[in-house]
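In the order they appear, the protein sequences are chains D and S.
The numbering used here numbers the first residue of the first sequence as 1 and each following residue consecutively.
The numbering used here numbers the first residue of the second sequence as 1001 and each following residue consecutively.
If you're looking for bench data, these hints aren't it; they were derived computationally from the structure.
Per label pair, the in silico range of CB-to-CB distance:
| hint | chain 1 | residue 1 | chain 2 | residue 2 | range |
| --- | --- | --- | --- | --- | --- |
| 1 | D | Ala117 | S | Met1001 | 32 to 40 Å |
| 2 | S | Gly1115 | D | Ser141 | 54 to 62 Å |
| 3 | S | Thr1143 | D | Leu173 | 38 to 46 Å |
| 4 | D | Gln31 | S | Leu1127 | 18 to 26 Å |
| 5 | D | Gln147 | S | Ser1094 | 45 to 53 Å |
| 6 | D | Ile185 | S | Thr1143 | 47 to 55 Å |
| 7 | D | Pro122 | S | Lys1032 | 19 to 27 Å |
| 8 | S | Leu1127 | D | Pro15 | 40 to 48 Å |
| 9 | D | Ala117 | S | Ser1002 | 27 to 35 Å |
| 10 | D | Glu118 | S | Lys1073 | 51 to 59 Å |
Simulated crosslink set (DSSO-like; lysine-lysine; CA at most 27 Å straight-line):
| hint | chain 1 | residue 1 | chain 2 | residue 2 |
| --- | --- | --- | --- | --- |
| 11 | D | Lys20 | S | Lys1034 |
| 12 | D | Lys50 | S | Lys1032 |
| 13 | D | Lys45 | S | Lys1036 |
| 14 | D | Lys50 | D | Lys36 |
| 15 | D | Lys50 | S | Lys1036 |
| 16 | D | Lys20 | S | Lys1036 |
| 17 | D | Lys36 | S | Lys1020 |
| 18 | S | Lys1036 | D | Lys36 |
| 19 | S | Lys1034 | D | Lys45 |
| 20 | D | Lys20 | D | Lys32 |
| 21 | S | Lys1034 | S | Lys1050 |
| 22 | S | Lys1034 | D | Lys36 |
| 23 | S | Lys1045 | D | Lys34 |
| 24 | S | Lys1032 | D | Lys36 |
| 25 | D | Lys45 | S | Lys1032 |
| 26 | D | Lys34 | S | Lys1050 |
| 27 | D | Lys32 | S | Lys1050 |
| 28 | S | Lys1045 | D | Lys36 |
| 29 | S | Lys1020 | S | Lys1034 |
| 30 | S | Lys1045 | D | Lys20 |
| 31 | S | Lys1045 | D | Lys45 |
| 32 | S | Lys1020 | D | Lys50 |
Every value quoted in this text rests on a predicted model; they were computed, and no experiment measured them.
Glycine included, every Cβ here is placed at the ideal spot set by N, Cα and C.
There are 2 protein chains.
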Amino acid sequence: MSLLSQLMSSFQILPGVGPKSAQRICFNLLQKNKTKALELADILKQACEKIGECNRCRTLTENELCRICLSDKRNAEQLCIVESPADLMQIEQSTDFSGTYFVLHGNLSPLDGVGPAELGFPNLVDLLAKEPINEVIIATSSTLEGQTTAQFIAQMCNQTDIECSVLARGVPLGGELEYVDSSTIAHAFGSREKI
Amino acid sequence: MSLLSQLMSSFQILPGVGPKSAQRICFNLLQKNKTKALELADILKQACEKIGECNRCRTLTENELCRICLSDKRNAEQLCIVESPADLMQIEQSTDFSGTYFVLHGNLSPLDGVGPAELGFPNLVDLLAKEPINEVIIATSSTLEGQTTAQFIAQMCNQTDIECSVLARGVPLGGELEYVDSSTIAHAFGSREKI
Chain D
1 MSLLSQLMSS FQILPGVGPK SAQRICFNLL QKNKTKALEL ADILKQACEK IGECNRCRTL
61 TENELCRICL SDKRNAEQLC IVESPADLMQ IEQSTDFSGT YFVLHGNLSP LDGVGPAELG
121 FPNLVDLLAK EPINEVIIAT SSTLEGQTTA QFIAQMCNQT DIECSVLARG VPLGGELEYV
181 DSSTIAHAFG SREKI
Chain S
1001 MSLLSQLMSS FQILPGVGPK SAQRICFNLL QKNKTKALEL ADILKQACEK IGECNRCRTL
1061 TENELCRICL SDKRNAEQLC IVESPADLMQ IEQSTDFSGT YFVLHGNLSP LDGVGPAELG
1121 FPNLVDLLAK EPINEVIIAT SSTLEGQTTA QFIAQMCNQT DIECSVLARG VPLGGELEYV
1181 DSSTIAHAFG SREKI
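Same shape as in the complex, but just chain D:
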């Protein structure tokens, strides 16, 4: 197999990239962007070798502790629990939350062999015991698995005197009712807010 074909099939490991886009990417890089492509190859190699999980919050970082866990400007009393580093980044970009995080890397799913240990619950318990945390915000997805995981964490917190909350659920901002799914509308209708 020629190097070009190897490169094309290798690019297909990227999410959302099929044979046609892989071909387009290869030609673009090799014809117009060789310097930057070499840079990408180098950074990708370094990233694969050096990036691992933060020892405290389990997000991705090339150091022992991530930028947020190292910072002394974060509120040590609030902890936000998320499913993935991408969700962490999303919350950092969208909110002014100043506490710290804990990344589960998934949701409870006993059938797939994902139990509390796989999600780092031992570390979480440890962290809740050692640190001066008094509020936990559970930001798992609003799916069945996400909610089950949230319930599990909430029960754990309720045994201590740590306050526990989940993200509000309802009609998305800017969402036209006509296009919002019926279970969301039913929930939003039941949990209507005083205006």
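The hints should help you fit chain S onto chain D, whose structure is shown.
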């Protein structure tokens, strides 16, 4: 800047990849596909260092001559002229053309400083003189630049006794007339074929 942010901005050199997809790609590779990502980094580096242009037809290859130019099963009398290696691949996949190719790497565009020399015309003239070519098929795009380039090549061929043709233009197969642009319809109407 952290290695993760560097990787995210580096992935944005890929065509069609913005900040959000770059983020998705990074997390996917680092969390689930590290081995394959390392492989990609390695192949990309090799490809950038080794892949250059074929000495005869100017397509991309890691050798002196590409697979097609090296093959003794190709018809040496037919030459197809294309704009890019991607177009070459498209014709190889879609037709049973058995001749050889010549890649222009663009179209004539004097305002952008792309003249005959940049498109490899000296090599092309050489090739037409030395090889037993008696038919040239010009497969440039059906755009203004592509057509100008085709005209230029046709004039060159008409000074010799090499037969010269361009791809047929008309309504695409499976195209519903309602959605075909009006200049294509006008052309197809004018060049209607006997049935």
